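> Each chain, letter by letter, is given below.
Number of protein chains: 2
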Amino acid sequence: MPLAPSHVQQLAEVRSRILNLLLSDKDLVDTLLERPRRETPAEADIHRQQVEEIKQTLPLLHAADIADLLEALPEDERQALWRLIGNDRRGHVLLEASENVWESLIEEMSDRDLLRAIKPLDIDEQAWLAKYLSRDLTGRLLTSLDPALRSHVLEVMDFDRDRVGRIMDFKLVTVRADVTLETVQRFLRRKKTIPDGTDKLFITDKNNMLLGELPLTDILLNTPDKQVFEVMNNRPTSFLIDDKAEDAAGAFERYNLISAAVIDAKGKLMGRVTIDDVVDLVREENDSNIRKMGGVNPEEDVFAPIRKSVRNRWAWLAINLCTAFIASRVIGLFENTISQLVALATLMPIVAGIGGNTGNQTITMIVRAMALHQVEPANFSFLIRRELGVALINGLFWGGVMGGITWAMYGNPALGGVMMLAMLLNLLLAALMGVLIPLLMIKMKRDPAVGSSVLITALTDTGGFFIFLGLATIFLLHQA
Amino acid sequence: MPLAPSHVQQLAEVRSRILNLLLSDKDLVDTLLERPRRETPAEADIHRQQVEEIKQTLPLLHAADIADLLEALPEDERQALWRLIGNDRRGHVLLEASENVWESLIEEMSDRDLLRAIKPLDIDEQAWLAKYLSRDLTGRLLTSLDPALRSHVLEVMDFDRDRVGRIMDFKLVTVRADVTLETVQRFLRRKKTIPDGTDKLFITDKNNMLLGELPLTDILLNTPDKQVFEVMNNRPTSFLIDDKAEDAAGAFERYNLISAAVIDAKGKLMGRVTIDDVVDLVREENDSNIRKMGGVNPEEDVFAPIRKSVRNRWAWLAINLCTAFIASRVIGLFENTISQLVALATLMPIVAGIGGNTGNQTITMIVRAMALHQVEPANFSFLIRRELGVALINGLFWGGVMGGITWAMYGNPALGGVMMLAMLLNLLLAALMGVLIPLLMIKMKRDPAVGSSVLITALTDTGGFFIFLGLATIFLLHQA
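Same order as they appear, the protein sequences are chains L and S.
Quick note, the first sequence lines up with residues 1 to 480 if you use UniProt numbering.
Quick note, the second sequence lines up with residues 1 to 480 if you use UniProt numbering.
There's no promise every hint is true.
Claimed, not checked - Within a straight-line C-alpha distance of at most 25 Å, the following computed PhoX-like cross-link-like pairs (lysine-lysine) qualify: (1) S:226 <-> L:191; (2) S:226 <-> L:226; (3) L:226 <-> S:192.
What the hints assert, rightly or not - Computed beta-carbon distance windows for the label pairs: (4) S:135 <-> L:55: 55 to 65 Å; (5) S:255 <-> L:113: 24 to 34 Å; (6) L:246 <-> S:446: 25 to 35 Å; (7) L:137 <-> S:446: 45 to 55 Å; (8) S:333 <-> L:315: 34 to 44 Å; (9) S:400 <-> L:55: 43 to 53 Å; (10) S:255 <-> L:401: 46 to 56 Å.
What the hints assert, rightly or not - Looking from chain L toward chain S, a few residues come up when the C-beta cut is under 10 Å (computed): (11) 69; (12) 256; (13) 314; (14) 318; (15) 330; (16) 383; (17) 401.
Think of the hints as simulated: they come from the structure by calculation, not from any bench.
In this text, all values refer to a predicted model and were calculated from it rather than measured experimentally.
Every residue, glycine too, gets a C-beta built ideally from N, C-alpha and C.
Chain L extracted, bound-state conformation (with noise of 0.2 Å):
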């Protein structure tokens, strides 16, 4: 029986010393992996109580921290746990694992252990699970299933990703409406379970049109020999098949949500949706919208292969170093101003690095807002002047500061004046594409927060090199 959550502080220890056994002792996982390794008879012995030491802690953790151990270890070491991890827990070690560990892990598995391994799973956890496997198997799996079933599985396999229909399960009650709370009573009893995470009831028709929801706690609190419609919800909260996952996870948040059924366009009940689905998916886009943001893809996982993480951030690199050649050529331009004055080579970065500062800063928050949806048409030039605000204050304060840093350290109090205004101006061009970015791209109906740093970093060094080394040109040039 897995370990109560209060215990937090004897999981953590279960879990670093599964970790650590495996991390630190080569021939262990030589062991487990039946490999011809060099050991002592005395060697031997001691693997084999450390083998049967993680097999008898395993059953302690839940499958979500066995997958989670899966994550963090390299793969041999992953090979190694997952043998010790029998075939009634690996289908939902698999769900609560993350793709990258799937594919490892699923790649060594014969297909009938596959097969074996999905079965005990709910129907809606093998169709998000089928996904993933090769043709041929998804094929296997589904003629194994009954008509009925199979269908609605291929129904779910087709949604994508970001629809409801892909969060959604099918393991639900339904009642009809002309019933008393009493027979209700008697029909769960017969039933003998109900599904986890059921907050509500759902009443259908006959067509099984969708009439209303009763919750639980109506049942309980209404005498037995009242009618399920005259206590039901009948304006039932409900979301289409093919609407943003992200709005319904929206819509649990606002309204405190537990359940809540999902229908077709008819108004025909097709399954429903529950908080843990909503919390996982809450807690993915987080972490991939923390990764976006700094041009890490959203499948890296910091225990990849390396090849596959070099595959990973080639793309980011080259955008990059693109976008750094082109800074770069900008410099290049003012080469000969350079020559003449090598303090400005000194100092260019100090201009570029405050603008990249501020401009990640203030597109951070646009970001923010953005997926608050805070920002409308409205209130842009209020942003918009606000920011430049923002910068201006800022812009004036530490250029001055920097302008007179710069005055004393040359001594020459028009540099100083070039230094102030480019950091100025650099400020205001930061804060005005922190706020032009993001909206632009929503325009061109693009993710706002994937890559804006990179962009914004790009254009703030472009831009700052141009505008000190052009005012330094322009201003410097003839005294010197």
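Start from chain L and add chain S according to the hints.
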């Protein structure tokens, strides 16, 4: 009655309409704030109609929607909208709004209005808001409560934001272990209501010690003559009142909980945590993580007045300026080298930029893995080797590309070689620091997400300039 969440589109239209009305017409805002204005009678008539329209659409919106609207409005417009919200809803809106918004709204309200707005809230919600009231007002609020509740509120107010005590509520139903399920049902029917988010009752003894939990589904699935202790779960999932809220949230996600008991060190039932508070926490946590990485103050909001933003960003700008200044001084050391070969000034931002990009990618991944508790002393060296491996491959390839381009552009093979070597070394430095910085921050008991991006960029800039210009001084000056 608020719109159902399925009406996502309609909801967006209502919100957008209200925002646009308030943002596009200064006179309407002045009308609402009862300020002197010049308007023709016809205009005044239109404004009255618009006020009427907003008043009629507001009830369609959930308190959370109204809070979002308030956040998206500048100061004057925010106050104007606030005047249209009845005292019966104001408390709920305050609860949903961010602290930034509270401050400006609470400032404008009289003490009596404020108490009146807070009164309809649940006791834990009152305690939550009480933290932000003036000391005087908190006192008045507390004296208006009965003594038992008062001590409850005082207790909750004492907990830090990040503890379970601060997200728990008191709305729970307890029953004794030695009664039948039928008695429980009769008890519930007499009570007439069950708090929102209830999926289970808690079983306590006469000293209020937690003995177990009774899911509502178990009441429905078992025959009424069963005793509570026969069907209850006597290993209830529970949290200590000073457990970290984040850990509790992790357990909710992991174990798909809907509610769980909160106990004190002796096992006495203090309250419960529900999934809706957990969802809010997860969202807030992620939100502040995104901002922390970029060096944005978590309290900053994109519609806050300019002076507030200037104050919030002050510190980060100063830090950034300091690190940029240090990087600049490193370049200053090599002014003599640059004056002999100006191309170095042109090329150096490429070396620095590519390092910053890689460093930020690495640090984003590591901070995430840490948040998932996947980083253990035992896999340190694996992580470092892995990141260095990725950097080595990328450095050799992209360094080779840029080295070749440099050679071709300047016709100087030695300069190309220096470029390649510098890029490779700076990528390795970035990878190493990307792993070490968050690890060191954890060792120093600091949050690895805060400003890590600023720090790594500073290091890769300074390091990049030093490596590139240093190598150039060693290998190129003799030829020059």
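> Residue 255 of chain S and residue 113 of chain L, beta-carbon distance inside 24 to 34 Å?
Taking Cβ atoms as reference, residue 255 of chain S and residue 113 of chain L lie about 27 Å apart, which means the hint holds.
> Is the hinted range of 55 to 65 Å satisfied by the C-beta distance from residue 135 of chain S to residue 55 of chain L?
The hinted range 55 to 65 Å holds for residue 135 of chain S and residue 55 of chain L, with Cβ atoms some 59 Å apart.
> Given the hinted pair residue 226 of chain S and residue 226 of chain L, is their Cα-Cα distance within 25 Å?
Holds: residue 226 of chain S and residue 226 of chain L sit about 23 Å apart, inside 25 Å.
> Regarding the hint that residue 314 of chain L lies at the interface with chain S, is the smallest CB-CB distance below 10 Å?
Interface hint status for residue 314 of chain L: holds (8 Å vs cutoff 10 Å).
> Take the shortest C-beta to C-beta distance between residue 383 of chain L and chain S; is it under 10 Å?
Check passed: Cβ of residue 383 of chain L comes within 7 Å of chain S, closer than 10 Å.
> With a cut-off of 10 Å on the beta carbons, see whether residue 330 of chain L makes it to chain S.
9 Å, holds
> Interface hint check: residue 256 of chain L, Cβ to nearest Cβ on chain S, cutoff 10 Å. Holds or violated?
4 Å, holds
> Restraint: residue 318 of chain L near chain S, CB-CB cut 10 Å. Satisfied or not?
8 Å, holds
> Regarding the hint that residue 401 of chain L lies at the interface with chain S, is the smallest CB-CB distance below 10 Å?
Constraint on residue 401 of chain L satisfied, holds at 8 Å.
> Note whether the CB distance of residue 400 of chain S and residue 55 of chain L lies within 43 to 53 Å or breaks it.
49 Å, holds
> Would the hint on residue 69 of chain L be counted as holding, given a Cβ-Cβ threshold of 10 Å to chain S?
8 Å, holds
> Honestly, do residue 255 of chain S and residue 401 of chain L meet the 46 to 56 Å range at C-beta?
53 Å, holds
When each numbered hint is compared with the structure, no violation occurs for any of them.
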